[in-house]
Structures are given as structure tokens and as C-alpha cells.
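Given the sequences, and given the hints that come with them, work out the whole structure.
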Amino acid sequence: MAQGKMRGDKSSALVIGAGIAGMQSALLLAEMGRKVFLLEQGPAIGGYFPLLDKTFPTNSCGVCFMSPTPPAFCPIYECHLHDNIELLPYSEVKKVEGTGGDFRVSIVRKPRFVDPKRCTLCEACIKVCPVEVEREFGGGLEKRKAIYLPYPQAIPHSLVIDPRTCTRCGECVKACAPGAIDLDMKEEEEEIGAGAILLGFGFEPFLAQKKGEYGFGRYENVLTSVQFERLISTSSPTQGFPVRVSDGKKMEKIAFIQCVGSRDPSCGQDHCSTICCMYATKQAMIAKERASGLNVTFFYMDIRPMGKDYERYYERAKSEYGIEYIRSAISSVKELQQTKNLFITYLKEDGIFEEREFDSVILSVGFTPPQNIKDIAGGMGLLLNQQGFCQTDEFHPAQTSVEGIFVGGAFRGPRDIPETVVEGSSAAAAAASFLAPNASSPSRKEYPMEGALGEEIPKIGVFICHCGEELKKSLSLFDLILGTKLLREVVHIEEVGLACLPEDLDLIKKRIGEHGLNRIVIAGCSHREIRKPMEEMAKGMGFNPYLIEYANIREQCAFVHRDLPELATEKAMVLIRMAVERARRIQPIRKGSQKVEKRGLVVGGGVAGMTASLRLAEQGYEVCLIEKERELGGNLRDSFYTLRGSNPQSLLQDLIQKVKNHPSIRPYFETEIIGFEKRNGHYKTKILRPDGEESLEHGALILATGGREVVPKEYLYGKDPRVITQRQLEKMIHLKDEGLKEVRSAVMIQCVGSRDEEHPYCSRICCGHAVKNALKLKEQNHSAQVYVLYRDVRTYGFYETYYHEARGKGIVFIRYDLEKKPEVALENGRLSVSVFDPAMGSRVSLPADRLILSAGVEPNDNRDLAKIFDVDLNPDGFFMEANPKSAPLDSVDRGKFFCGLCHSPNFIEDSISQGNASAARAGALLSKEAVEEKAYLANVIKRLCCGCGLCVTVCPYGARALNEEEVKAEVMESLCQGCGNCVVACRNGASQQRNFDKALNLAVLDAAID
Amino acid sequence: MSEFEPRIVAFLCHWCTYTGADLAGTTRQQYPPSIRVIHLMCSGAVDSIYVLKALIDGADGVLIGGCHPGDCHYQTGNYKARRRLAILKGILNQMGFTEDRVLLKWISASEGKLFADTVTKMTNDLKKMGPNPMKQLWNA
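The listed protein sequences correspond, in order, to chains A and B.
Residue 675 in the numbering used here sits at position 675 of the first sequence, and the numbers go up by one each step.
Residue 13 in the numbering used here sits at position 13 of the second sequence, and the numbers go up by one each step.
The hints are simulated quantities; they were obtained by calculation from the structure and are not laboratory data.
For each residue, glycine too, the CB sits at the ideal point set by N, CA and C.
One or more hints might be untrue.
[Claimed, not checked] Here are the computed distance ranges between Cβ atoms for each label pair:
no., chain 1, residue 1, chain 2, residue 2, range
1, B, 136, A, 238, 39 to 47 Å
2, B, 128, A, 1010, 15 to 23 Å
3, A, 482, B, 94, 54 to 62 Å
4, A, 595, B, 128, 53 to 61 Å
5, B, 131, A, 326, 55 to 63 Å
6, A, 482, B, 124, 29 to 37 Å
7, A, 246, B, 128, 15 to 23 Å
[Stated by the list, open to error] To list a few chain B residues with every Cβ distance to chain A over 12 Å, as calculated:
no., residue
8, 36
9, 90
10, 96
11, 128
12, 130
The following block contains the structure:
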């Protein structure tokens, strides 16, 4: 076993588990200037994300918005590209030594048996490998060989040999032309030093075999939702068209069975898996889009779409897609012998059994903790909760039981992608605070000064890379070289073997010197593959990296026209001609930068705002915290206990103390925002204090303007003093109100001001609050009978256990429909509630000494603020994010973030995570001395600009403005993202884009057409 | 005379479709070598003049590839491309081009097969349509 030296130090961070949470933590810490090691036990990073094709509630992918520096590729690729992130794939933690701030972690790097640097993915080895097994990716529906690519876009982009199934026959070694395979590769041990460890272990899907009664594993057409997700992905073998497993026939009538391994103590899974209702609904919608006429039926207990905009999605599934939801309990699933169809018997809410036949059944499997987690947790001294997920304090959601070890994402319990992204960011914020002050950021590589290239006549060197002989199979390199010789301004042509390897890079470097080349064309693989080593080489020798052009003759030619060598060669020649044409016209790019105003402005001093301020201040930035009231705290002031049993008042005091005592936080009370200006690289906000106006300059803006309880308009609220809201009840319970002792019967009505016409969204927290207050009421007054009238009980995640407890303690839950709302009557001075009980099939009348309304959450009126700050509101009045899935707290404009109730209804715990997370996103921006501009900036040729302002309208980033004096358009370089949309909008050709100007594109177009 | 081989000029956005085209290569999806790819940052940066010039110069077809609705890396570039093409098609018809020679397609980075299928289908359609009449003018 080889032993390496320790790498990394107290200032670096180790992220274990490269799923969505882990990648998010890594990207943010890396952007903050930390050295990050990103360890993954599998051969490729990405976690469950690559399996997902479309995500709810947008039915698009959108995961590329996750990177803190948009626009970007998907996070997997961005982690691979980031200078500060070192990937440690196929590795495991062996031992953690040391304490928070100074960990030494021994890791084992498992042998891949394939050298990723030499593997050209020619797949010759796959053809000769005799071992075929089930592919893990996608739940085993497809096959793979013992040597395989985990999935097509896998990073590291290289094959790997699975030692458990490999027979060591050696055929692959013989077939491998570049000699990348070494069957004697040994595992290597290494030691990593880190100040903080972040855990993103994630989850595992529940093993459907454990619920044998549903027939998974016995009946061919019973699938898990993981398998179905793969089946309807556009990258599946059927391109997303759902077909039956048994005979490949089109699916016509399918059923989803919900809560398989969720809310089910009989299989050790007493929690709700939170997202199955939504992912199954998404799968049903996508499947229906792919296969018209598909009939989908859901069998469920409660539908729980409690995230932002999820309720609308569920409503759409019912009304637009015609998906049928049946509240029921499954009695049996049987396979019919001949057709292999499935026969489901189920018990409806009204106590009647029914039967139906389906051609396929999908089991919506829940979340379980990772299998080997007990050992890993034990090794680190980590406490797990009852369900086996990571134990955290309610008010410190990113902190594990071990100092210096942080956590985010599904390892804390089942959650959706937006929450995972938030928590991955939150863990990064907590780690950054813990590691602060940023002692030593990774030494930035120093590059030599660039020569003054670009002005002189182009001298182009073309290097044609045959990718370890691979391209010679379908291209005639001889013809390409011959053809390239005829192109103008090409002074050197050379064939190379593997341009990505140091040997060939050195050769190219040498040729640049020898021939005085000032433009390079690499004809070979896609620029996505080779750009990084090429640019590194160029920078190292002072050659402007933007003078390198790439002709993609591998992925977009040789690989896709294998059997047509002549035509493929002809096409490759055109591609090289186009690249040379581009090379003749491109100019060197020296990216400018804008000084960063290292100050954050936080609007709103509730729990989210205070948390965000503290995390930003702890990272070393000044914070101006604006509060419109005379004191801090917001809604937290009226919160007295939580469902999990923590004390919000102590949190309140703690936060206020910390905010007041932190030297870098300047709180402003009774202050309003009256103006906002966007400058190049920073913002300027005008505030109105009781004693006058002030202007604040800042580089980041965090909006945490909070929300409030909806004021009920029905059920005699405001007309009878016995009708109160949950918050009022909470206060009464807290104050041990005498009146409550007399209560013999209390009725709670859920969804008051939620899921109705005026508030067509779910307020997420009311079911939890009702359970919390019902339990407390029972605790104080044992004899009280408590009824909860609900539409769906949405005690998601571990809150489910409290719901279970409440039912055990005799609290009665009665369901009602929106069409049959409860009716409140006042008779002889007594309140009574009448409701239709579907289980009994008749109306029941309940006496109510207290009627408690679970009023929903609505945002404060943010219309003026949204206008001032130029951010959008969604139809419900919450702030609108750049992408609901993977940039849940970011505005489209750079440097503006949201958190807390102004973003969506949240528990305190969620608001803290969001506060942390927005501080991490803001911190990633503020951490730099200067923001580097994008390379391909737009510019204005003033002589041609007529000041029409079309480009200003078109720019999605507000990076354009009209200079009123000159009547000319201007570009704010720090905001321009280089999309080129303004170039098209300009009718005079005044608007241009560096290295994508119209003349250049037209010249390339000329070269493209024979 | 050998069978007519159409020539397609494709403008692909940097983030989605270009990457999808790469994936078609990585997964060895085979399609006709009819396509010449021009790499742009966004489908919203495809000027109508590029499409017109391609057709006037004799390209048999033009493919514009962008991110799916909602996935544009520049927020709304793909929608702009869609609107622009809707208008451009009217102009193309007036100029005597068949509007079917121009295709706008949303292809994500994970849809290598869809990219290959799109090129295959477009090539076959163009074969049926015959060569771009402009080509004869140039050769006359």
C-alpha cells in the first residue's frame, strides 16, 4: 500500500459525499477562496442528480443554475473545472483524527484499474469484456460490463473496472490501444488535512423488496420509482417512452403506490419521506407527456406538496393532466398470469373495497439513511437520530454533534432539491464561519505576463490530435493535413497523439516558440474536454488563452460518422477550416475586474435576517442590518415553543445579543428603504432613518422582509372571542391562560387562508403547528378533547412522528373537502362545528369551547420594495428566485438574495438554513478582491449607436443602460454575462460581442458552406 | 450523379445543445455527416442575418439549437430565438424559401440521442425537399 504525504491544512475543507448538497458546499467554499477536497465513494461524482432528467415544479432541468457563478454548466462539471476543488472520486474515509479546526483524515483511494488520463473512451475494452451485469445507475433496468462508464456524462470522464465482477481475463488490457488499463493497480492511502469537514452522505432509496406484498422482484411489471425515473428520462434506452418491462409494450394504465417505506413503522420507517408525492406526480406528468393516452392512478394516504409552488403543481396534475388520486389503503397486489397485468385491491376512505387492473405498478419508495452509515458515524463520533439520519440541533441545522463537522441535504432527513441546495449552502456558511478568519487562501498560481499578441498578422498553428489513434479509424489525417496546408495564415501543421497529456502540451509549447505562433487551432476532442489543460499551458507561457481555437472533430465528427470515413473526413476538413477562420479573427481577451464593495446589506431583522447578518459578519464583512421596527426579532418574538421542543425565545435573545455585540454589524432601526442604484460592481441604497437620509454602498443585498399570519375572514373569527388562531393559542398556552383549563372540547380547522382561491398555496407549517398546539393543550389539560379538521395532514419528514404521537394520545383527525367546508354555528351561546366525516359518510357536530383556526402564512407587502430593488414577486407576493430548483435564494441579478418568510412559508429551522445559505451565496461574491468580468463581454461602438435603447430592454441582467446625456447605450461590464442577445437586438451593428462579433460569425458561416 | 447530400448549418448554444451534440459523440450515436456546427453562447444570439445568409449562400437547411424552455442559461434567450424565428419564417416565405428549411429545436445537454435523431430526421426531410434552389443560381 502506497502512503502519500498529507495534503491540505487547517484552512481547507473536506466535503464527503459529492451529491447535490456536497457539490453545493464545495462550490461555495471554493468560490470563497478555500481549498476544498471533494470526496465521493462512487467512481463518479453527482449523487442522484444524473438520474433526474426533469425536476418539479418546473418540469425542466435547471440544475445548471446551482453554480454560484452563473451562467454555468451542471454542478458536476463545474466542480471538475474549479481550480480550488480537488476531486477524490472512488475514495473512502478510513479514519478521522484530530478535532474541529485541525482534522487529519486518512482516506483510501480505491483502484479504478483504468488511468483516467490515458483513457480515450474508445470503448474497445467494453466490446471484448465477457462479463455482463446489471447497471446500478437507474435501478438495474439496464446492463453493463465489468469495465464500464458509470453513466455517459460521468466525471471523472473515464471508464472503471468493477473488481467484484471482473474475472481478470485480461481481454480489455489487450484491446486498450493507449495502454490505460492496469489490472494490478493497488489501492492507495492518503492523508488529508482540513479545518472543517462537511457531510453530504445523502440517502438511499428504500428497498422495495422489504414490502414483499407489493410484489417487487416477483412481478416483472412492478417497478420502483427509481427505475421509473430512469425509464422516462430522455437518455434512457427508450428515450423516455414508458414501456412495460415484461413485453416492451406501451404502458397504458399505470398505478403509483405511495408511501412505500414511508410512514410505516412496520418496516422501521416511521418518518414521511417528504418528496415522494411530488416526484411521483412529476413522473406521472412526464410519462403522460411522453405517451399520450396514458392513464395514471395514485393510491395515497395524504398528498404532501408543501414546498414553494408545489400546491399549484399538484392542482395542475389533477386538472390539466387528468391524473387520478385515490385516498386509500392497498389491500393486495396480484399478478395476472397471462397478461402479467397487476390486479390491485384497495380499501377506500368510506370503508368500501374496490379492485382495478393495471399494466404496470410503480412503487414510490421512501428515503432511508445510507447503509453503512452507522460505522462511518461511529468512526467520527457523530450522533444519529432515531431514524438513522444525522442528528442536529433545531436552531443550528448545519452543525452536527461534533465540533467542526457540518452537514446539509438528505443526510439530515428526506428533502427536495431546493432544500438540499439551501442546506448545502448553509453548511458552507457554517464552515466558513468556523474556519474564519480566512487565514490562507490557496496560493493563487502566478502566471508570467502575457506578450502583446493580437495586433500583428495571424500566424496560425494547427495541431491535429488523433486521440491515441482513435480518430484514425474514421478520418484520414493525411487528407486533413493536406487540406489544412491550403488555408490562409496557417504556418504550422502537426499531428499529435494525445494533446491533453503533458508530453504533447510541451510539444505545442515548443512549436509556439519555434514558429512564433500567435493563434492555435486544436483539432481533436470537444473544447469541453481539452480547454482546461490547454489554457493552463498557455497561461504558463504567457500566451493569451483566448487565442486558442478548437475544431471538434472527435465528438461531433469521428465518433458520430464511424462508417463514413470519406464524408467524415470532408466534414472534419470543413470544421478545421471554420476554426482557422475564427482563429484569424479572434482577439486576445484580457478580463477586466471590478472592485468589490465588501459590505452586505440585509433588509429585515427577523430570524432569517439576523442569521444572515451574523454569518456574513463572521466571514469578515461589514453588514448593515435594516429593520423597520424599533427592535429586532420579527415573528420570532411571538413564538414560544417548537414541535421538536426547542425554545424560540432563547434563540431570540441569543441572536439579538450576538447581533448587537458583533463589531461588524450596524443595525438600523425604524429605517425604510427609499432608493437603490446599480453601479458597476456594487449597489448603492438610500435609507431613511428617523434622523435623516443616508446612502449605503454594498456589494450584496439580502432581503429577509418576513411574513405574517393570514387574518381569517371566516368561521366567526373576530366575531366571537372563542375563535382564535394557532398563534394566539400558542401564546395562551405559553402564558398558562386560565380559560384553557376549562376547555373540554377544542376544534382546530386547518387550511384557513391556505390552499384556497385567495391563497392558492400550502403554508407548509400549519399542520405542524396544529399538532404541536394540540399536544401542548392535551399536556396542560388532559381531559380536553381535541379535534383537528384537515384536508391533508402535511407533517412531512420527522414531523410525522409527532402526528403519530398525537393520534396515539387520542387527538381526533377528521378530513374535509374544500367543497364541504366545516360550518360553525352559535347556538345558545355555544359554538359548534359541523363537518362531513367521509369515514362515517355523514355529518358530525362537534362542540367547541375554543375554535382554533390554522391560519396560513402570507408575505409582508413587498410590492414597493420589489420595485425599488428591481426584483420580481411571484403571484402570491413572495420574492421570485432565479430558479426554483437549484438557485432557490438567488435573484436573477447578481448579488441579490432572499431568505425567510419573504421567500416562502417556513419553519424557524428552515429560515435559519436559508439565512445561512444566503450569507454563503453573498459571501462567495464578497470574498474576492475584485469580481472578474466574463470573457465574452458585449461592447458598444458609439459611432454607430443611435440610442434607441433596444439593447437595454433585451438584456436579462440589467447590464445595459442608456447614457441620457450622450444618448448612447453603455455596458456595465461587471453585470454582463456575455450571452450576445443585445448584439442581435441592435439594428445598427453598434452592439457587438468580443470574439463573437457579427463579422466574425458571418466569416465562419462562409467557411462552413462549401 | 450520386445521391444529393444536404448541407446543414447549425447554430448551437454553448450550454445545452452544443454539450448535447458532444454527448451524442461520447455515446456514439450515428447520424449523417451533413451538419456544420457554429458555436454561439446562446440561441438568442442567432441573428436572422445568419440564417438568411446561410440560405442565400446555398445551405440546404439551418438548425438552431437551444436550451429547453425554462432552462436557458441566460434566462430568456431561447424565447427570443423562438419569437425571432416565428417572424423570420414569414420573411423566408416571401423570399421564396421554404420555411421548413429552418428548424429550431430544444436539445438539452443530456439529450445526445435527441440531437442525433434531429440531425438524421432533418437530413432525410431535406433530401425529400431537394437542394436549396439558391445553389443553382450560384453555380449558373
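Quick rundown of the hints versus the structure:
1. B:136 to A:238: 39 to 47 Å: At 42 Å between Cβs, range holds.
2. B:128 to A:1010: 15 to 23 Å: 21 Å, holds
3. A:482 to B:94: 54 to 62 Å: Between residue 482 (chain A) and residue 94 (chain B), where Cβ atoms are some 44 Å apart, the hint is violated.
4. A:595 to B:128: 53 to 61 Å: With a Cβ separation near 59 Å, residue 595 (chain A) and residue 128 (chain B) satisfy 53 to 61 Å, so the hint holds.
5. B:131 to A:326: 55 to 63 Å: 58 Å, holds
6. A:482 to B:124: 29 to 37 Å: 32 Å, holds
7. A:246 to B:128: 15 to 23 Å: 38 Å, violated
8. 36: 4 Å, violated
9. 90: Holds, because the least Cβ-Cβ distance between residue 90 (chain B) and chain A comes to about 18 Å, which exceeds 12 Å.
10. 96: 19 Å, holds
11. 128: 20 Å, holds
12. 130: Holds, since 17 Å exceeds 12 Å.
Violated hints, in rising order: 3, 7, 8; the structure is consistent with all others.
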